[in-house]
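Knowing the structure of chain A, use the given hints to seat chain B on it.
Here are the chains, one letter per residue:
There are 2 protein chains.
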Amino acid sequence: MTINTVAVVGTGVIGNGWITRFLAHGYDVIATDPAEGAEERMRESVRRAWPFAEEIGIANEASLDRLTFEPDLAKAVGDADFIQENVPEVEDIKQTVLQSIDQHAKPDAIIGSSTSGIMPSVLQEGLQFPERFVVAHPFTPVYILPLVELVAGRSTTDQTVERAKQFFEQMNMSPLIVRHEIEGHIADRLIEAIWRESLHIVNDGIATTEEVDRAFTHGAGLRYAQYGPFLTFHLGGGEGGMRHMLKQFGPALKKPWTKLEAPELTDELYEKVVTGCEKQSGGMTMSELDQNRNEFLIKLMDLVKEYWPQEQESSRV
Amino acid sequence: MTINTVAVVGTGVIGNGWITRFLAHGYDVIATDPAEGAEERMRESVRRAWPFAEEIGIANEASLDRLTFEPDLAKAVGDADFIQENVPEVEDIKQTVLQSIDQHAKPDAIIGSSTSGIMPSVLQEGLQFPERFVVAHPFTPVYILPLVELVAGRSTTDQTVERAKQFFEQMNMSPLIVRHEIEGHIADRLIEAIWRESLHIVNDGIATTEEVDRAFTHGAGLRYAQYGPFLTFHLGGGEGGMRHMLKQFGPALKKPWTKLEAPELTDELYEKVVTGCEKQSGGMTMSELDQNRNEFLIKLMDLVKEYWPQEQESSRV
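Note that the protein sequences, when read in sequence, are chains A and B.
For the first sequence, my numbering gives the first residue as 4, with consecutive numbering after it.
For the second sequence, my numbering gives the first residue as 4, with consecutive numbering after it.
Next comes chain A alone, as it looks inside the complex (with noise of 0.2 Å):
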């Protein structure tokens, strides 16, 4: 089945991101949310993301006049190919418009729920048609970033999952087929671990909301926007790459470097890892990834300066 219409399901910030991504991409585009006011706002949202989207290069025949509003959840599902819910985070809600959707919408239409943690399988209890539902899990900026976790139930068919990937490799996204649901998904229990040690740190006083970000983005957070917590520690090694990292910071594991306990460093552990960020780095050597490293954090930097708020000289302490 060809994707033409796509129905948004609730217009906070995510919903609104996805509408214009879509849009952006050349669907013609039903939103829907019961708030009053809602059309408005998300109009609005959607115009002034509009010319990023631009920006970055949108379809021939993509056009906000092909983005409509429907108050009633019914009939702004009935005819859509692909359904997104961006309800607010809360199982029952979710479950309760999720079945909504599913009563309304075309039996074989996509069903994707933009959930940032909860588990697929607790989702698609309850629906009608479960094996078309999946996990789509984006980043704001919707409109911008590239990454969308998909993560399958235990109903969902596998043939759902891979339609969904073409849908959003279409859409120059970088989808990420998530092998087991777990509650966080992946990406967000990284970003909820760091979430929780940041408040730890407001709330034991140790330093300002300002302080954790300058604390991180001067330093971890630059190098996040090109290698990973693995890959960054593999060149943190040096020339022994991810071996000897562990073998320096592996005992480290044992202190409390946070309030996250670690779990234990067996065999098995070590070489997963080390094994893994070897193949990671696909044939480059060490000094190699060094370099590409070094060439693009300088870049970076740049564009760091551009961009960086006022925070740079206010916040000196």
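For the record, the hints were derived by calculation from the structure and aren't laboratory data.
What you are looking at is a predicted structure, and each value in this text was computed from that prediction instead of being measured.
Note: identical chains are not told apart, hence a pair may lie in one copy or across any two.
Simulated pairs of lysine-lysine, BS3-like, Cα-Cα distance not exceeding 27 Å:
hint: 1; residue 1: 168; residue 2: 282
hint: 2; residue 1: 168; residue 2: 308
hint: 3; residue 1: 308; residue 2: 282
hint: 4; residue 1: 302; residue 2: 168
hint: 5; residue 1: 168; residue 2: 109
hint: 6; residue 1: 250; residue 2: 275
hint: 7; residue 1: 250; residue 2: 262
hint: 8; residue 1: 250; residue 2: 282
hint: 9; residue 1: 262; residue 2: 275
Leaving out everything else, chain B in the frame of chain A:
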């Protein structure tokens, strides 16, 4: 006292990074390390890093000829005005080496330690002149990244911290004075939380190292080059900012979205976080912050396309 000569004790990834940065800013640098072949490896590492330092901008008087290697620690530190310690992250090793440095250095030379997580009060125990000791924790690659965390121990004087701050600022760094010592300081608590959660995910068989890295870099990681955990969520809250975000995602703190337990979201913590974010925004409206982030991200993504390793293609699952 003017700083002319800097000694660097321990020549691993961090030590060599410091050597490059010190040389680039026109200091005489004396490196020391007891390991066999250390001098050769150190010189090779500095040679490789030098073009990047040059690209960022080096001092007129900067020269690789101002680097000497002295295998004897006592001789290496004797004439230095500033000594930076970078030996393995093991408490007794660091203590023993710091005591030797303390014994052979000029009494008013400042001693900095690159420790990632050990508290300065622990490291300065047993020093004859503990008042001139301060943790100065940098981030790889040290010759590029701006952040250095300065942490005073119980016996460290304010004057030491102030002199260290001026020294690092003069080297185009962004020193962050950490108000209260704590294991892992600030930045490494966040990095360690990400790291431990990542290890759990791999250990539990949820994802490979490569998938974890992709899940982080293609979404959150891009944002963290500009805004930290607090301002990112402030922006994620839309017009309502952090106030709305805490309402939407506060309840998730009770859920197992990470293996890290969250602090209780008390009224006091709520206010600290909300007003902290508002202050950090420095008078920019939510729309202005949003605009700023979008312009930055679009340029960053162009940069990333240029430099992301082959992962881009190979990691499609």
